[in-house]
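> Using the sequences and the accompanying hints, generate a full structural model.
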Amino acid sequence: MENNLACWVTDSTCPYMRSDMYQPPVLGDPNRKDRPSPEWGTSWSNRMYQCVLRLDRAAQPTMIHLTPIENRAASRALELAIMSFSSQWQGGQRMESFPSASPNQLDSPAERLALGLEQSLQDLLWKQARTALQEVSELECFRVIYAEFIFGLTQRPWTDDDFTSIIRISSKNSSVYLDRAVRKAHALKYRFDTSEAGLFQESEAKFSPQDRQGIGFLYWLLVMHDTVCSPMNERPVVLADEDCMMDALKQHLPAQGSSGALQVNYRWKLDMFLHDDPDSPQVPRWPCSYATAAKAIIKSTPIKILLYRYVFYLQNAIKNNESKRSVENCLQGAVSVCRYWDMTYSPFFSDLVRNYGSVPPRLKS
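The opening position of the sequence shown corresponds to residue 157 in my numbering, with each subsequent residue numbered one higher.
It is worth saying that the hints were derived from the structure and are not from the lab.
You can take every hint at face value.
Computed spacing ranges between beta-carbons, pair by pair:
| # | residue 1 | residue 2 | range |
| --- | --- | --- | --- |
| 1 | Gln284 | Pro224 | 17 to 25 angstroms |
| 2 | Ser492 | Ser276 | 44 to 52 angstroms |
| 3 | Lys283 | Val483 | 41 to 49 angstroms |
| 4 | Arg228 | Met388 | 33 to 41 angstroms |
| 5 | Ala270 | Asn511 | 33 to 41 angstroms |
Straight-line distance between alpha carbons at most 30 angstroms, and here's what the computed DSS-like set of lysine-lysine pairs gives:
| # | residue 1 | residue 2 |
| --- | --- | --- |
| 6 | Lys362 | Lys345 |
| 7 | Lys460 | Lys345 |
| 8 | Lys406 | Lys460 |
| 9 | Lys425 | Lys406 |
| 10 | Lys460 | Lys425 |
| 11 | Lys480 | Lys460 |
| 12 | Lys520 | Lys425 |
| 13 | Lys475 | Lys406 |
| 14 | Lys475 | Lys460 |
| 15 | Lys460 | Lys520 |
| 16 | Lys425 | Lys480 |
| 17 | Lys475 | Lys425 |
| 18 | Lys406 | Lys345 |
| 19 | Lys362 | Lys406 |
| 20 | Lys425 | Lys345 |
None of these values were measured; they are calculated from a predicted model.
For each residue, glycine too, the CB sits at the ideal point set by N, CA and C.
Right under this line is the structure:
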């Protein structure tokens, strides 16, 4: 999972980078030098896991208040969520070979026994993780946020007896835990921002530049998944545009009290996520160097997220019976994103699919 997250959260694409070490994205700046994240190199690390541990240590004296029992419960919830997430792949290859098979339909007794044991283990870990998360549901700390995020991505184990109901419950379960994680992340980022602004200096936490970067990474990760999962599950986004305003947009807000201050459009736009000249974007093609391919995958991720945001805008406009002009604006925005994708990254990903056998494993995942 950490390898997959390497293309989701990088210092070159994260729009929440309040750190002296990293500059936030600039609207439509074609001169930015985007380097592939070190996470795409030869080292495999648990960057986000280490990040939340470090953030809780930095924030706990002032911004987060946990008793020793709560502290242990938060760590246990995170560990069980990770174990539950990992266990769902134990029988993955076997179930891909027999997608509609129950244990009774497998030929070998050994296969039936192995599959039964794996399903029992998955079910046990899933229930233990759910119980642990229920016990820390009222705690606001970075470990609990990450645990709820991971568990929200974990499919509930199923058997052939309750397959239909489990699929329906799993979708609802995913939304509940992701929603909780997003709300808690927003609350902690709010405390962090007020502390950085000096509003509560007597309780100011000491965050290093690396910690500030980590808060931006975690927040962006949750905002992206909120954006993707909400329209797919027909639920409203947890964070409205004005609540998750990006650093690039803040730089272009009218001054307080000016005539345009009350007419701010917080809606996401394509130019907020561009790292090339929009008139002559770089078009990567495969085969190419590993670094070039990794960089293209990293830069393509926010564009895909933006398209899901426009799906939400369109769903919301239709639900609220907004004017035809409002619906047309949503459609035009979505079409502009699709056209940009077709012009830039679509050929590249088509190349990867056609030449899948020659693509390095880390790029495949």
